Each structure stands twice: as structure tokens, then as C-alpha cells.
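Residue numbers (our numbering), protein chains in the order written: chain A, 1367 to 1680; chain B, 12 to 412.
Just so you know, the hints here were simulated from the structure itself, not pulled from any lab data.
Here the structure is a predicted model, which is why all the values come from computation and not from measurement.
A couple of the hints might just be wrong.
[As the list claims (entries may be wrong)] Just the calculated beta-carbon pair ranges, DEER-fashion:
hint: 1; chain 1: B; residue 1: Gln354; chain 2: A; residue 2: Glu1437; range: 20 to 28 angstroms
hint: 2; chain 1: A; residue 1: Val1377; chain 2: B; residue 2: Ser326; range: 47 to 55 angstroms
hint: 3; chain 1: A; residue 1: Asn1405; chain 2: B; residue 2: Val46; range: 54 to 62 angstroms
hint: 4; chain 1: B; residue 1: Ser326; chain 2: A; residue 2: Gly1475; range: 34 to 42 angstroms
hint: 5; chain 1: A; residue 1: Arg1549; chain 2: B; residue 2: Met337; range: 56 to 64 angstroms
hint: 6; chain 1: B; residue 1: Val288; chain 2: A; residue 2: Glu1437; range: 56 to 64 angstroms
hint: 7; chain 1: A; residue 1: Thr1435; chain 2: B; residue 2: Leu351; range: 35 to 43 angstroms
hint: 8; chain 1: B; residue 1: Tyr347; chain 2: A; residue 2: Thr1435; range: 49 to 57 angstroms
hint: 9; chain 1: B; residue 1: Ala259; chain 2: A; residue 2: Val1377; range: 21 to 29 angstroms
hint: 10; chain 1: A; residue 1: Thr1435; chain 2: B; residue 2: Val287; range: 55 to 63 angstroms
hint: 11; chain 1: B; residue 1: Leu351; chain 2: A; residue 2: Arg1496; range: 52 to 60 angstroms
hint: 12; chain 1: A; residue 1: Phe1420; chain 2: B; residue 2: Gln354; range: 49 to 57 angstroms
hint: 13; chain 1: B; residue 1: Arg412; chain 2: A; residue 2: Gly1583; range: 28 to 36 angstroms
hint: 14; chain 1: A; residue 1: Gly1475; chain 2: B; residue 2: Leu298; range: 37 to 45 angstroms
We put the CB at the ideal spot given by N, CA and C, even for glycine.
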Amino acid sequence: MSAIVLVQELVKTYGNVLAVDGISFAIEEGEIFSLLGPNGAGKTTTISILSTLFPPTRGEAWIGGFSITREPMQVRRMIGVIPQEIALYEDLNARENLLFWGQMVGLEGKVLKQRVDEILERVGLVEKARQPVKTYSGGMKRRLNIGVGLLHAPRLLFMDEPTVGIDPQSRRAILDMVKDLNRSGVTILYTTHYMEEAQELSHRIGIIDHGKMIAIGTLSELIRQIGEQEKIILSFSEDQHLAPLVDDLNALAGVNHVIAENHSVTLIVDKAEEILPEVMQWGHQRGLKIRSLQIEEPDLEAVFLHLTGRALRD
Amino acid sequence: MKKILAIIRKDILLRFSSPAEWLFFLILPIVFTVVLSMGTPSENADHRSVLLVVDEAQTSLSREILRQLEKSSVVRPVETNRQDAEQRFRERKVEFWMLIPEGVTEERQQKGEDLTLTFYEQPNQTIALAARRSVQESLRAVTQSLQAAQFAVEQAEEVRPFENEAQRLAYYQEARSLAIRLQNEAPERLAVIRENTPDSVPYDPRANSSAGQLITWVFIPLFGISVLMVGEREGHTLARLMTTPTSAGTFLAGTILGQVFLALVQMALLIGFGMVVLKVPWGREPLGLALLLTASALSAAALGTLLGTMVRSTSQANNLSIMLGMVMALLGGCWYPLELFPQAVQTAVKILPTTWAMQGMLDLTLRAGSVRDIWLESGVLLGFAAVFFLVGIWRFRRQLR
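Sequences are here, hints too, so could you generate the full structure?
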């Protein structure tokens, strides 16, 4: 396999703010590569630079062998971009939007009309194609927003948090569409702050925080970075005050991190089965009413916590 | 080129997606043009000062005085009662008024009695002096015919006395009629020629309204290019466009040319209306007109482009476009003749494209100018366009980074 995206020491500053801090990575052809990180981590800035929206302050990147700074038009012909925001003309209908955007990516004549029909079919908007976009639901707009990015059948697709703010059903449909696209040979750079999406979709994941790439690899490679850690999730009855108990739990041998929220406590531990009796005894001694107990394999949340000391959603 | 046409088509679809756009594109401009062409004074209107006349005599002599006053080029006699005249004079609603008291009769005149009319005037009014002179002139015309008839009767009596009073009166009236006719037929001793000197105030309400409203209602949507540009930014479509194989130059060309094209169509419709309905002579110099309209549209479009790089939101751009359009049209002489403003203002407003556009259009319609007469206006407008475009495009490209 060959790298379709190659990024070297990319830096972007806005005045004194360092938005992207020396990021380097490569994406192989046919991959789904996710950039995972909290809001403000630098994901959108990175994707914007790679899609030639604006140049980097320093560093360089190549898309399909073309430099993003010296050959932006060649790069743009290769890529499809699905921005985080709905970037459509709301007073036009879906067909008019697709016809316009198709012309902007160089399609014309019968090919354009054929592609518009195919995309309308793909995003399930054939029947609503002549209604103004402003009358669409959020999910319909999202699907059309994705459809615009697929018009010229790009080799490489940049998807910037495409599931933000939509209902679970639409989200599921979009995730299935991403997998489907990838199966048809499209390479995808996917940014998200939803750990589950990155886990489900990605061949490889880059974890980004404060503009830096702090880890990169497959899911299993990333989890191996933090050792054999597991997660114990304890749910308590509603009248418990958990915050004062965090220090007690942290003091137990084998507990690496404790996260208390609402009526549950999550423990990141070395080996769940070894520490579980001690935790149960601790709860019993304090008269805590445990409603449920769950043991999970390590996930990206644990990786992020391990690497940054913070939860991904903080 | 295909992409530019696609952007133009998209902007036209967006602009006319609301039927309300027709209100601003055609209906309001036509309504304002018609209203202002009718509502402002024309060359045919009576510009004479109003002279209130209270005729308490109600005699043939007093009516004759009023008829003579009607012929005045300075005052226009308007009959009223004494109370109304006094009140309006007190309230300074009129500069002067005249009383023809009871007893002003031809009989008394014939007997040589002293008949006095009273002329009231406000202090320090130059126009009152001219009005008084005009009244005196009218009285002189009346009394001269009376005196001439009287003199003729006296001369006739010296030759042969009248047989009775009826014969004498008939002779008097025949002589009076002859005197009046001779007075009317007398050759003018003063020929007045009104010259079209360069510093005169050229004004024709139809031409001024047609040109002024055209500039107002075309410049505002052209300034509205700023709304389009900010709208693309706010709606994230500009960012998306800049990730397609479409250059910033193509985007700007499509956005600007589309609005300039619509402006030219709008101008052609308004000019057609002016020519057909208001009989404004727009068609004298088609080449000059085309040059001037294009230069005007480009200068306004360029300013709209520059504004688009300066404002932050569509609502801000909208408000600023309308405000700037209205103020610049007003100061540029599109609503009132520029000559009504003080000289300093007339000089200052030369920094506005609306001033030059209006000047050029009046050169073509009012002053029957040719291409040579509007080269300066067209040149200045194109200069504005060049400067605004350069700065606007430079700022736009910088913002993309």
C-alpha cells in the first residue's frame, strides 16, 4: 500500500495561538483514518489545511503526491470535503445545490445530471429533491451535506465531525455510509470527538490534543500503549455523594484512575478480577448501595486518559 | 467561464427565491420615479409669488385691475377676504397682500378723484419690491386706458358736444376699448432672453427623477454584493467552495459579474420606463449611455466588494448597504438637485460615485450631451471601480489565509 496522505511537521498559528503543533502522519490508500480529540484539539484546522482551505504556517503535506501549498488545484481535484457545518444554499433545493456544487468540481452535461440523480438516490432525498433545503430536517441536511462531497467520486474524502448534532438514527445511517464508501475504495480521513465512532470505523486512529498528535496506530496498538488496563464501572443508588470517595478509591492498590460522575464511578485498573473483591469490600464497609457493576476491556477513553490525564469529554 | 456562469445562475436563483425581490428590483423604483417626477415643480408650473387681493369694491374697475394683475410675470393674484389676508400676513404665510377698498369705481376715476389701493408688505423683503412694482404697472395700465378714454371724450366734446349722456357714455366706452386694444397690441420695448448659461440650475423633474431613482435603486443592490460575500462566509459555503477546484478569482468574478448583469438589466428596464412613460430622452446617445451605465454599475459593485471584506455579518452588510445607498444617493443629487446644496457640500460630494453617475446621466438627458461630454464622469467612475476592486480583492485574498 502507498500513502495517499503524507503530513510532515505541520504547524498553524493564529497570532500567539498555536492551533496545530508539528503534526506528522501518513494515511494509506483505502484506509479510514480517524483524528480523535476533544473540541479545540486542532482536528478541523488540520483537515482545513489538508483540504487547501488555508496554508500552514510551517511544514508541508502531500495528497496523492501533490503538494498542498504548491499544487492546491491538483489536490482539490482529488479530494472531497464534508465540512462540520452544513455548507449548503438553504433557499435552493437539493437538486439545485447538487447541480451547482457539481459544476464547481468540474462536472457538466449528462455526467453531472447522472451524478446528481445517483447522489440523491444515495442520500435518500429523491422525493424531496425539489423542496428548498431550508425546509429539511437536520438529518436530511447532513445527508445532503455529505452527498455534495461525493459528487465527483473523490479518491480521498475528508469528513469533519459529520455526525455532530443529529439523531441516533441519522447517525447510524451516516456511519454505515462511511463504511460503505470505504468498501468501494474511498480513502477517508475522519475527525471526531466521539470515541465510539473512531473505534467502530477506523483502521487507524490518531489521537490529537492541544494541536499535537499524541498517539497514532490501530485500536489494539493504542490500547497496548497503556498496558493491560481494564475499566470497572460501578453504579450507585441516587442518594450517594461520590466525590469524597474518589480519594479513597485512588488509594487502593492497582487502581490507576478514578472518574466520578453523576451516580457512577469508573475505575481504570491493572487487572479487574484481582481488585474487584477489594472494591466490593470497600463499598460494603461504607454502606454504599451498588446497583450495578460492569467490567470493560480498555478503550480509547482509557488511552486518552492515560496519555493526557483527562477524560476525552472534559 | 462555465463556473462563473454557474455562480451567476446560482446567485440569480438565490436573489429571486423570494418574490419580494421584485418589489425592490422593479416595483419600488418605478413607484418612486413616478411620484418624484410628478411631485416636484416643473418648468410649466406657475413660479410667480402669490399676491392675496381683497376686493371690497367689486366694481368693473376693480375687476379690471385684477385682470391686469393676472398678466404680471411677478405676482399671481389670489382673491380672498380681508380676515384671511390679515391672518395669513400676520402669520407670515404671505409676503404681501393688497386691498382694493370700496368706492374704487370708474365714475370716481372719471371725475378725477383720488383712488387709493393699499399694499401691505413684510419688512426686508426684496420680492415685495418687485411685487409692488408689478402692481403699480398693472394700475398704470388700467388708469392709462381710462385716462385715454377720458381725454378722447373731452376732445370730441370740443369738436361737437354730445346730444345726451348716453351718447357720451357710449363714446367713452368705445374709446376705452380702443385704448385697451392699442395697449395690448403695443410692441414690446424690452425683449427678455433666458440664456442657458453653464451655471444655471438644469432641472427637469422627469429626467432628474428617472436618473436619480435609477441610481438609487441599482446602487443599493450592488452594494449588496457585500451581503452575498458575507452570506457565503457565514453559511460556510465559501469555505467549501475554496476546497473545490475553483479559485478565489472565479468566485469573485461570478459573484460580481452576476450582480452587475442584473444591475444592467434593471437599469435597462427603468430606462425603458423613463423613455416610454415619462418621455425622458435617454436614447440620444446609446453608446455614451451604455458606457456610463457600465461604469456606474462597476463602481457600485466594487464598493460592494470592498464592503464585503469589512463587515462581519449579513445583517450588518444589509443595513450598511441600504444606509450607504440612500445617503450617497441623497448627497449625490439623486433626490434633489445638487445645486440646492451649499457650494462646499457640492465640492465635498465629488468623492461619491453617485455624484458622478448622476452628473453623467443629466449630461445625457438634460444637456443633450455626447460621449465626449461624459468621458470625465465615466473615467472617474471607472477609477472608483479600479480602486475599490483592488483594495477589496486584496483584502478578500488576505482573509482567506
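Status of the hints after comparison with the structure:
no., hint, result
1, Gln354(B) - Glu1437(A): 20 to 28 angstroms, "59 angstroms, violated"
2, Val1377(A) - Ser326(B): 47 to 55 angstroms, "36 angstroms, violated"
3, Asn1405(A) - Val46(B): 54 to 62 angstroms, "56 angstroms, holds"
4, Ser326(B) - Gly1475(A): 34 to 42 angstroms, "39 angstroms, holds"
5, Arg1549(A) - Met337(B): 56 to 64 angstroms, "59 angstroms, holds"
6, Val288(B) - Glu1437(A): 56 to 64 angstroms, "58 angstroms, holds"
7, Thr1435(A) - Leu351(B): 35 to 43 angstroms, "58 angstroms, violated"
8, Tyr347(B) - Thr1435(A): 49 to 57 angstroms, "55 angstroms, holds"
9, Ala259(B) - Val1377(A): 21 to 29 angstroms, "23 angstroms, holds"
10, Thr1435(A) - Val287(B): 55 to 63 angstroms, "58 angstroms, holds"
11, Leu351(B) - Arg1496(A): 52 to 60 angstroms, "53 angstroms, holds"
12, Phe1420(A) - Gln354(B): 49 to 57 angstroms, "50 angstroms, holds"
13, Arg412(B) - Gly1583(A): 28 to 36 angstroms, "33 angstroms, holds"
14, Gly1475(A) - Leu298(B): 37 to 45 angstroms, "38 angstroms, holds"
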